Each structure stands twice: as structure tokens, then as C-alpha cells.
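Each chain, written out:
Protein chains: 2
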Amino acid sequence: MINFKSYNPTRIIFGRDTYKKVGEEVQNYGKKVLMVYGGKSLKANGTYDEVVKSLEAAGIEFCELEGVKPNPRLSLVYEGIQLAREQKVDLILAVGGGSVIDTAKAVAAGMCYDGDVWDFYSTEKQPKLVMPVGVVLTIPAAGSESSDGSVITKEEGLLKRSCCTDLFFPKFAILDPQLCFTLPPHQISAGGCDILAHVMERYFVPDDHHDFSDRLCEAAMISLIENLPKVLENKKDYDAWAEIMWIGNIAHNGLLGRGKRDDWGSHDIEHQLSAHYDIAHGAGLAIIFPAWMKYVWKEKPEMMEQYALRVWHVSPEGKTQEEVVLEGIQKTEDFYHSIGLATRLSGVGIDDRDFAVMAKKAVMSGPLGNFKKLYAEDVKKIYEISL
Amino acid sequence: MINFKSYNPTRIIFGRDTYKKVGEEVQNYGKKVLMVYGGKSLKANGTYDEVVKSLEAAGIEFCELEGVKPNPRLSLVYEGIQLAREQKVDLILAVGGGSVIDTAKAVAAGMCYDGDVWDFYSTEKQPKLVMPVGVVLTIPAAGSESSDGSVITKEEGLLKRSCCTDLFFPKFAILDPQLCFTLPPHQISAGGCDILAHVMERYFVPDDHHDFSDRLCEAAMISLIENLPKVLENKKDYDAWAEIMWIGNIAHNGLLGRGKRDDWGSHDIEHQLSAHYDIAHGAGLAIIFPAWMKYVWKEKPEMMEQYALRVWHVSPEGKTQEEVVLEGIQKTEDFYHSIGLATRLSGVGIDDRDFAVMAKKAVMSGPLGNFKKLYAEDVKKIYEISL
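Sequence order for the protein chains is A and B. Positions in the first sequence are counted from 1; adding 408 to them yields the working numbering. Positions in the second sequence are counted from 1; adding 408 to them yields the working numbering.
Honestly, I wouldn't trust all of these hints.
Chain copies aren't distinguished; within one or between two, either way the pair holds.
Calculated cross-link-like contacts (lysine-lysine; reagent style DSBU-like; alpha-carbon spacing at most 35 Å) [claimed, not checked]: (1) K533 x K727; (2) K536 x K413; (3) K496 x K789; (4) K448 x K413; (5) K706 x K644; (6) K562 x K579; (7) K533 x K644; (8) K429 x K439; (9) K429 x K579; (10) K533 x K579.
Rather than coming from a laboratory, the hints here were simulated on the basis of the structure. For clarity, every value in this text was computed on a predicted model and none was experimentally measured.
Between the sequences and the hints, there should be enough to build the whole structure, so can you do that?
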């Protein structure tokens, strides 16, 4: 186990009808908020009205930044910063999933900074002061509701970049499983795939001696794999949604990666894909992750073998280690198929024309990953395997 | 899953040689500290000198409260409060295990309170302000280094009582597995048993739908059971100690009990034992827990069955549910024996003369536990089973 620091001060408020009391929570931070959200679905399913009702009941004034899209854009962040400054808000309230929360964090950082907020995403520069952020989570996936990270895409050049700082931990995050009842199936599956990837990036690591952490990761993976099909079958299965929402939170709050160098190669390789083709990040991961596994497994076959045995219960009887490993990868792909996700680029209509450009962009800040260091030619090969 | 809040702001600094930099951490909170510790062993193994060296190098003044004993006493807390006030310290630095940390927390609360600090332990009264507490952990067991609780014993009447408040989360906790290398075997085993109990109290719950949480608990139990014998075999096994120290922390930082009503019956029943006979809390738990399991398992046999199957890998082949459950309990006892702990009161020289008194004291504030509500007569029966 390598030395580490562990810190996560976000207050999680979890359970039935908790989002209807968001106003009371906001009161702890001030009287005026900028509410950031996507748009249509939030208004159609009644969540918007409930949040507004709760804010009003608590005497909270609010202004709105609407229109956040997946792979959230820098231009909207700029808009938000201007609005938040004009209105002198005390807190940025994200009502949505990862894209909305990441936008809120970027606005919160930009509001306190005289320069261009993109500095924090494109250089080593770190925010020194960030406005408080609160969250009402509507999609369990990105884990941004209690993470220290934010990912933003700059339209010019389609640059998808992240910023991590302790100041990005939201002050509070409200997780009500009921808010997941109206999610469309594809979003459920893509979100689940993102959660699984958050665990796997912390599971396939180059270091030794992380027995407990391995088992925590396996707990998350097994429970997710068991519960995701339940909500695809019955969208209003509260108990299964509660499991998924809690797993999605733990998967990315930092816990599962303590004491080892986690590997974000697959995430970074996917980021290029979703920036270039605007597909859902989770859907991209279902394609990239199996290809990555096939390309890197020989670096530490015993780790991939353990994954196959413990998570997928592959029987080792009469099989070589390679056969066990490949069966584990196959079962991962089978699972993605079973929840309606493609595991090949050809399945989502992407061909090889941009591979070289994306590979080059992916390693712009240096080689990727830790399980195996990946350079542009490695990334290109992984795109090729995923064709 | 029931509604819950989750919050833990303690900053964990984990790994090799981290305690040698405690001075730098303390600098974030002020210039003068009260250092609380046990005594002999800390000075004998060199930890005391290293901590002092680090404080001095960072320009931190300090005064000392020495002599904390297991089942920490209120009288020493009073002494600490007086000293901390006279010296106007900025932070209480606990260097030790649960008893030292709990004493530090009590001093930190008492220092900011005009009344008797025992109020917080004996009534519904809660602290409104608490001085910052920092920790250098030397014994993985109580989990107090990042918990919201403190347990103190009032000598008069041998009352062992706890106080829980968000203000009791230490500001930081330094966990260096090397500090465990000099622990005596009995303390290692008793500590391990305390950790296991912290998980089990959160595992055997009356609620339904906690798949993920169950698996997280199992991850902690299995990893602990695997690693504890390793350090009894080789006291300087850093990697195994790192696992145990990290498990001990997670076991009691709140995570494993989210979404369900945990059960502290066994802990409360044991508290009477260690208050009356001054045996180590963990050693008492090795006696009380199996007896508690035998008394309550029929409340929710499927939970005890799952424990036997998943944690102890009991084979269900050709066995009734009852046989599987009892085999799981037997394996728990066998494990305690294998690490040198008695599982009967007679094994530590305690007879039945105080059972009625202890049972009455245990339920002084109402019936115990959630898995099964326990009244005085139930507690007495559990003492009887454990004879």
C-alpha cells in the first residue's frame, strides 16, 4: 500500500423525499443561489417545480443557468460566471448529473477568479477560492456530487479537460433515488457503465498489497451488476435505485483508490471519443474498457484473473490463466450488451478516420495510465481493437 | 435502505513515516498544543521522541497530559481541561489509541464548556463548541481517530458512557502502520476483535435492502480475518498492518452503517463488563459477541446464514439453516481462540455475581440494540450464555 491522504467533507443527504427539503439545506450558506440545470426533463418530470417550491418556502432567491448538455461546454460556464457575479449569489446549486455539477463547479471557481477559468483546466494553475456548491443529484453516474473533480469541454479544438481540487468538493449533495425513476434506459445503462469504470480504474493498478481495497471494489462491482438490470426491468424499483445511487457515489468519492496509483487511461481515451463524437461518456466507456483490458492485461495477469474469478465467478477448472482472463473480459462485454450498450465503435457508427488525431490529443499532457503507461501509438491500437 | 446522512470531514494522512511530520500538520491549527498520551510504551518505543522532535522542528509549544489508561477515566479528563485552559492551547493532540483519543475529545469539549463535561456523556446535552483535535494513531482498534464518538468512564459508580457529535470528528488523523510494530500480542488480538465488532454491529441489522453495504462489511471482515494472523506471526509485516489499520479506520468512520439501523447491543453489554472488571474492551467483545449471536440469530436467520456463507465460507451442503448459522458462530469463536482470545467469561476469571447489576446498568437509558431489542433480562441471559 502506498502512502496516501484521504479527505472528503461533502455532506450526503440520502433517501426518499430528501430533495424536497433542499431549501432548508441551502439556508446554511446564504440567501441567493444560482440554480444550474439541463432543461427539458427536469421540468417535465416535476423535479424543477419541487426544487423551486422548496427554495421559495425557505425564503431563498434564485436565478437560473439552463441548458447544460452532456460533455458540458465552456461557453455556458462563462455565461454562468457572468450571471452569478451580476446577481451576487451565495451558492451555486446544481440540479442534475455530472455535466450539470461540473458546470456548477467551474462557475463557482470562475466567479472567484479574475483570469480565465479555463486556466484551471488547461494549466497547472489551481483555484484559491471557490464559491460553495450544493447538489441535487438526478443521475447516478459521474460521481461528481462528492468528488474533487470537474470536466469541461472547450468547443474550440474540442478539448475535454479536468480540474481537481479539494475546493471542488460540494458542501452538500442530496441523493433521492426517486429522482431516477424517469431516466431513459440508455442513460441508465451509460450511467451504470460510468460507475463501473470508476471502480475498475481504481481496481486495475500497478501496486501490490491492497487486499481490503480490492474487496471494497469488488463489493461495488458485484452490487452494481446485480442491481442495474433490476431498474432496467422496473424503473421504479426504489431499493435497487438506492443501491445504484449509493454505489455511484462511493465509486467516485475517492475511497476505492486509496493506497494505490489508480489508472485513468480508459477514461482519458474515452474523453477524446465523446468530445469528438458527442456520444455519452458511459456509452463510450463500454466500448473502450474491454479494448483496454485486452491490450493491457498481460502487465499484471493475476489482477485480471482475480477480477474474472471474484466479480464474474468464472470457473478456473481446466483453464489457463489467459483463458480465465479472457472469459472475464468477455463476461464484461456480455454484461454491457445485456444492458443495451454497444462494445464496438462500429456499433455506434464511428470509423477509424480520427484515431490518429484523438490518440495524439489524448496524450497531450503526457502518457496515460499507471497499469500500463500508454503513449499515442498505444492509444491508437486500443481504438483499433475497439473497432 | 432507510434515509441517512453521511458526513466525515477528518483528513487521514496514511503511510510510512507520516507521523514524523505531525508538527507540520499541527501548524495549520495554531502554535500551542496539549499532547495527550498513555505513557510507558510510547516513551519506550521512541514514538514520543519522534513526535516531540517534529513539534519542536515546526515551532510548536506543547504541554502534556500523561497517564491515560484503557477505559479512560473522567478524573483525568478534568485534569486535562484545567491544564488546557491554563496553557491556552490551540489544539488537543492525541498520541495513542481509542482511550487516548476519547480523552482528548472530552478535554476538547470540556475546555469550551462552563459546566461539567460529564453532562455531554450522561444527559441529552450536546457540545456547542469543541477545540480542534488531532491524532497520531498507535493502535488500530477503536476507530475513534475519525469517528464522532468518545467513551469515558466515571469512576464513581463505574459508569461507562458515550457522547456522539459532529464536533468530535478529529481535524486530522495520522496513521502510520509502523507504529503498530511494537504492540503486544494481546493488544493486537483485542484490537482486531474490536474492529470486527464495529463491522458486525453494522452488519446484523433489522432493515432490508442493503446489498452493497453488506458486501462492504464482508470486505472488511474477510480482509481483517486474513491479515490479523499475519501480524501475530510477524509483528513487522508492514503490508498486513497497513490493511488492518485502514480496515480499523473504515470500520468505524460511519460508512459501513449507512442506510440501516445499526445495532450496538453487544458493545453496550461489553461496556459494563470492561467497566466492572477493567478487561480490554476487545477481549470482552470476543466473549460477548458469540453469546449475543446465539441469543438473537432467530430474529433474522437469513442474515446470520449469509454471514456464515460469505465470511466463513461455510458449505451449506446437506445442512439446515440452523446448522449453517451455528457453524458460522462456531467459526467466529474458533477464530478468536486462534488469535489467543477467550470466548467465555470463565476463561478470564469472571463469574456470575455481578450479572444482575451489570444488566440493569446496561439498559439504564433504555433497551439495547436494533437487531433484537434487549431488556435487562435479555442482557442477563447473554451474560449467562457467555459464562
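For a quick check of understanding: which of the numbered hints are violated here, in increasing order? Hints 1, 3, 7 are the ones this structure does not satisfy, whereas the remaining hints hold.
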